[in-house]
Amino acid sequence: MENIRVMIVDDSTFSIAVLKRMLQKDGIEIVATALNVKEAIQKAQETKPDLITMDMTLPDGDGIACTKEILKHLHDTKIIAISAMMDEEIIQRARKVGIKGYLQKPVDQTDLDAAIERLFEGEELYGVLKNNFEEAFKESIFSFLKREIGGQVVIEKVVEHAMTTVSSGVSVAIGIIGRHDGRLIMDMSESTALGMTRKILQDEGQQIDDAINFLSEFTNVIGGNACSLLNGLNRSLGLRVSPPTVFRGKDITISIGDIMSESFVIKTDLGDVFMNVGFQKGDVEWM
Amino acid sequence: MDVAIINPFIASVTDIMPQLGFENIILKEQSEKSKKIVASGIVLTLGIVGDKKGNVAYAIDTEGAKQIASIMMMGMPVEELDDMAKSAISELSNMLTANAAINFSNDNITVDISPPTMLTGESIELSMSREQVMCVEFDVDGIKIEINVALD
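Chains as they are written, first to last, in the numbering used here: chain H, 159 to 445; chain Z, 1157 to 1308.
These are computed hints drawn from the structure, not numbers from a lab. Misleading hints may appear alongside valid ones.
[As the list claims (entries may be wrong)] Result set (DMTMM-like, lysine to aspartate or glutamate): computed pairs, CA atoms no more than 20 Å apart in a straight line:
(1) Z:K1192 - H:D409
(2) Z:K1191 - H:E348
(3) H:K439 - Z:E1247
(4) H:K304 - H:E292
(5) H:K408 - Z:E1278
(6) Z:K1189 - H:D367
(7) H:K439 - H:E282
(8) H:K408 - Z:D1217
(9) Z:K1191 - H:E375
(10) Z:K1300 - Z:D1207
(11) H:K196 - H:D218
(12) Z:K1209 - H:E375
(13) Z:K1191 - H:D368
(14) Z:K1191 - H:E282
(15) Z:K1192 - H:E348
(16) Z:K1192 - H:D368
(17) Z:K1192 - H:E375
[What the hints assert, rightly or not] Restraint-style ranges between C-beta atoms, simulated for each label pair:
(18) H:E187 - Z:D1217: 46 to 56 Å
(19) H:S349 - Z:S1279: 18 to 28 Å
(20) Z:M1230 - H:E187: 37 to 47 Å
(21) Z:E1219 - H:E297: 37 to 47 Å
(22) Z:D1217 - H:G185: 49 to 59 Å
Cβ coordinates follow ideal geometry from the N, Cα and C atoms, glycine included.
Make a model of the complete structure from these sequences and hints.
Encoded structure:
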């Protein structure tokens, strides 16, 4: 829990002192404290904390309105309510304005730690994913092509890909679902797909429908193996792949710029394969 | 026809589209197709895993997609399907599928969905993950929206 910067909002200096001590025990840095809505809004903008603990009753307003105002400007800040008052109605209202969790006073250290951990675990996992997905997918496709097709297999990263890419003929999309979701797109020409199918099955009679089946299984294996590698790094990622959808046609444009993704061109003796893989940060909706 | 698979999607369209500002939602046709589907315009596909596994593909023609994007962007005129308009359509597919997932959960079927993949083109031939694909066609204020669901 280190490197988390917190602001405490509470109208009681006693409560602030208690929370401060608990948070400091976890190695968390307290960047600001505020006694009322006005102060909270101003200090939040100044310090841009990662986390805010929000009291629900404040002298010049309530925690709901205060949260609303703060989240207007700070989209990445997470807010948990810590209040003596807790009932279904206030929880629902808190949830609606974007508060991520609700703890009732007096707060217990274990509950507070668990809530913060849960809230920030996703960030850490996203970091793991971001730092490792390229290698996992490259390794997965490289070993598959090397084993099944053989010959030269060279993976080149597309340094800056555009928002869209034009299909070479056949495209496969697979959804990746887990703590953070993603997507894998594989694209190649019909002749490359046919060539690979014929080579793997050692049967020159294979037709385009067989190639489509091959390509869908190929993408499934690459995605499945890469996700297993990533899950091996941290089981909480819980990545699973959905079944593939194959697209075939002339002049198909694929959108790839909507999520954080990387593109690769894999050069083989049977032609080029285009691979795009990306993930988007999943959010903790409510704890 | 396995209505249990398609009903959550039908409910999703009739529930979500009015919230976005569409008025007349008519269920035109319900059919079962074989694995291959041909579509022109915009195709969006999302993966589904959980108690049921498969994918869903939405097909909307380009003109219809522009109209939808325009309404979703508070009536802003959409001359061409630029990144902003595409993003609106992409978000629509996400909302519809997420809502269908909630509808599934009301029947005690838990599913999770992936981000959408968007393609544009003419006569795109789609092969879904299963031999039988459930299809529904909607007329939403004169715009044709086709939903193809392949779930096991």
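Hints, one by one, checked against the model:
no.	hint	in the structure
1	Z:K1192 - H:D409	holds, 18 Å
2	Z:K1191 - H:E348	holds, 19 Å
3	H:K439 - Z:E1247	holds, 15 Å
4	H:K304 - H:E292	holds, 18 Å
5	H:K408 - Z:E1278	holds, 7 Å
6	Z:K1189 - H:D367	holds, 17 Å
7	H:K439 - H:E282	holds, 11 Å
8	H:K408 - Z:D1217	holds, 16 Å
9	Z:K1191 - H:E375	holds, 16 Å
10	Z:K1300 - Z:D1207	violated, 30 Å
11	H:K196 - H:D218	holds, 8 Å
12	Z:K1209 - H:E375	holds, 16 Å
13	Z:K1191 - H:D368	holds, 14 Å
14	Z:K1191 - H:E282	violated, 40 Å
15	Z:K1192 - H:E348	holds, 17 Å
16	Z:K1192 - H:D368	holds, 14 Å
17	Z:K1192 - H:E375	holds, 17 Å
18	H:E187 - Z:D1217: 46 to 56 Å	holds, 54 Å
19	H:S349 - Z:S1279: 18 to 28 Å	holds, 19 Å
20	Z:M1230 - H:E187: 37 to 47 Å	holds, 41 Å
21	Z:E1219 - H:E297: 37 to 47 Å	holds, 44 Å
22	Z:D1217 - H:G185: 49 to 59 Å	holds, 56 Å
When held up to the earlier numbered hints, the structure conflicts with 10 and 14 and fits the remainder.
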